[in-house]
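Chemist: Sequence:
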Amino acid sequence: PPSPTDVTAVQDGPTSITVTWTPPDPLDGITGYRISFTGGSDVDIDGGSTNSYTLTGLTNGQTYTISIVAIVPNRPTSAPEVREITLVSVPEKPTIDMDIIDTTSTTITISWSLPPDVTGSEVSWELTEEGRRRGVCNAEGGTSGRLPADQNSYTIDKLRSRTSYDITVTVFNPAGNSSTTFTRSTDGGGEFQRQFTQKHSSTVTAMNDNKTDNLYKYGSIATVSIKLIDANQAESTSNTSAIIGGVVAVAVAFMIITSLTVIVVVILVLRSRSGNYSAKTR
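Okay, so the sequence shown: first residue is 102 according to the numbering used here, each after it adds one.
Keep in mind that the hints were calculated from the coordinates and are not lab data.
From the three backbone atoms N, C-alpha and C, an ideal C-beta is built for every residue, glycine too.
Be a bit skeptical, because a hint or two may be false.
[To be verified] Estimated spans, in silico, between C-beta atoms of each pair:
| hint | residue 1 | residue 2 | range |
| --- | --- | --- | --- |
| 1 | Pro217 | Thr123 | 31 to 39 Å |
| 2 | Asp143 | Thr196 | 41 to 49 Å |
| 3 | Gly141 | Thr282 | 32 to 40 Å |
| 4 | Ser265 | Ser142 | 50 to 58 Å |
Using the sequences plus the hints, can you model the full thing?
Modeler: Set out below in structure tokens:
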């Protein structure tokens, strides 16, 4: 009988190989197939139209020679189709190069080592405080899935500023997969915010009575000096004026500190017309 064609042998687990083939056409009396492999007994498979079989219980790391022939009762078999395959082990965990991780306010770029026999990688990430998967790497073509076998770096984008992420890098091969998880934050980290809110002050440096002026006849003018100290201990000072009305007046000062626009609201409360007052910022 004619031999099956397009024979393939593919590892699909740590200790298994799936053999596939195309049955002859026409079948010409074929009732099944016989698979032989290194170190094992022959396997007879019923059905002339059958086109696959999985060998199990094999030994990881061993090389197997696999052959297949068609069976026709009372007729000799034809020359076998032979394939050779070595079972690989589950890959080692990838090693993240922590020294060259690059971060911005919305991106994290990482690199990792590629263990032997890797067929692909995947990068996934989640917000640390939420503990649920938020995203997965995009393979070539923009679809979600594994990166090519030779790619060992990736830039995660569209992240939140000053936010901590748990990042997982997974490498694959036919035997299985291994992964490494680590935590990284986008730039900012909240350090500037924490130090800024603890270090700011305001002072009323002058207060002029303008009750007779038509424009300001319902209050007085106060000159407010606002000093800010950022996370790098740099000081910035700005002056602004506010009309002190019957009870409350609000002055807004805009300051540029370490490339950030900071809005400070100063509330001045008039205690009495003799000039007693208090000032606070928030």
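Chemist: Look at each hint and say if it fits the structure.
Modeler: The hints, checked one at a time:
1. Pro217 - Thr123: 31 to 39 Å: 32 Å, holds
2. Asp143 - Thr196: 41 to 49 Å: 44 Å, holds
3. Gly141 - Thr282: 32 to 40 Å: Since Gly141 and Thr282 have Cβ atoms about 39 Å apart, the given range 32 to 40 Å holds.
4. Ser265 - Ser142: 50 to 58 Å: Because 56 Å falls inside the window, the suggested range holds.
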